[in-house]
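Using the sequences and the hints, build the whole thing.
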Amino acid sequence: MGLCAATARAELSFRDATEEDVPALVRLVESAYRGDASRAGWTTEADLLQGQRTDADGVRVLLAAPSGKVLVAERDGRPVACCQLEHRGKAAYFGMFAVRPELQGAGLGKVIIAEAERTAREDWGADEMHMTVISVREELIAWYERRGYRRTGEFTPFPYGDERFGVPQRDDLVFELLVKELWSVAGRVPRTSQAVNRPARRISG
Numbered sequence: 149m150g151l152c153a154a155t156a157r158a159e160l161s162f163r164d165a166t167e168e169d170v171p172a173l174v175r176l177v178e179s180a181y182r183g184d185a186s187r188a189g190w191t192t193e194a195d196l197l198q199g200q201r202t203d204a205d206g207v208r209v210l211l212a213a214p215s216g217k218v219l220v221a222e223r224d225g226r227p228v229a230c231c232q233l234e235h236r237g238k239a240a241y242f243g244m245f246a247v248r249p250e251l252q253g254a255g256l257g258k259v260i261i262a263e264a265e266r267t268a269r270e271d272w273g274a275d276e277m278h279m280t281v282i283s284v285r286e287e288l289i290a291w292y293e294r295r296g297y298r299r300t301g302e303f304t305p306f307p308y309g310d311e312r313f314g315v316p317q318r319d320d321l322v323f324e325l326l327v328k329e330l331w332s333v334a335g336r337v338p339r340t341s342q343a344v345n346r347p348a349r350r351i352s353g
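Residues in the sequence shown are numbered from 149 upward in steps of one, following this note's numbering.
Think of the hints as simulated: they come from the structure by calculation, not from any bench.
Restraint ranges, calculated between C-beta atoms of paired labels, are given here:
1. ARG295 to ARG226: 19 to 27 Å
2. VAL315 to GLY243: 14 to 22 Å
3. ARG266 to ARG298: 13 to 21 Å
4. PRO305 to ARG236: 16 to 24 Å
5. PRO171 to GLU329: 33 to 41 Å
6. GLN317 to ARG266: 34 to 42 Å
7. ARG187 to ASP310: 22 to 30 Å
8. GLU286 to THR166: 30 to 38 Å
9. ARG236 to THR166: 16 to 24 Å
10. VAL327 to LYS258: 14 to 22 Å
11. ASP195 to ASP275: 33 to 41 Å
12. GLY243 to ASP195: 17 to 25 Å
13. GLU168 to ASP195: 30 to 38 Å
Listed next, the in silico SDA-like pairs over lysine to any residue satisfying Cα-Cα at most 20 Å (straight line):
14. LYS258 to ARG285
15. LYS238 to LEU325
16. LYS217 to ALA262
17. LYS238 to GLY273
18. LYS238 to VAL327
19. LYS217 to ASP169
20. LYS258 to ARG295
21. LYS258 to TYR241
22. LYS238 to TRP331
23. LYS258 to ARG298
24. LYS217 to GLY273
25. LYS217 to VAL170
26. LYS217 to TYR241
27. LYS238 to GLY216
28. LYS217 to PRO227
29. LYS258 to MET244
30. LYS258 to HIS278
31. LYS217 to VAL259
32. LYS217 to ASP271
33. LYS217 to ASP164
34. LYS217 to GLU263
35. LYS217 to GLY206
36. LYS258 to ARG299
37. LYS238 to SER215
38. LYS238 to GLU270
39. LYS238 to PRO214
40. LYS258 to SER179
No residue lacks a Cβ here, since even glycine has one placed at the ideal position from N, Cα and C.
Set out below in structure tokens:
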């Protein structure tokens, strides 16, 4: 049973993930997308993919990326959500987005993605946010469209045969690129030359 919206939007603390967070991040991502436990939330991929969504090695690769970071959202010292950000020139890439299943549907995801967009825009001077979503996930894509993302019609194949990304349960899976202009609702500010180191950012709902 999901928690109420007021609880889901309670004070959050954002910080960059470290090596010590790897086990908790793997558990968080797996709980949001794989297995019966993920069915408590609406982001589950359990009907599309079995096997793992990520593993410790995969998370460590993201942490080690010189042009990226993994953001962790905590409440009361516990990770409740995460996302990956990668700086790609004038764009930033958004991935590995996960919210604890029992907290989904109460507005927490909107807070996380807004913080990711703020980071990309203000720290990196990114003009756009890019992401890829499995194209048959119409409900998820519609959620992103309500956040200002648009479908591009640009597709990349799902890595069939590579079980690091799961075991597909159907043969028509592809990723579609979604894009959002980050300056469409924010006034343009001078582009920063590099990411700014910031302390943990606290947000109250």
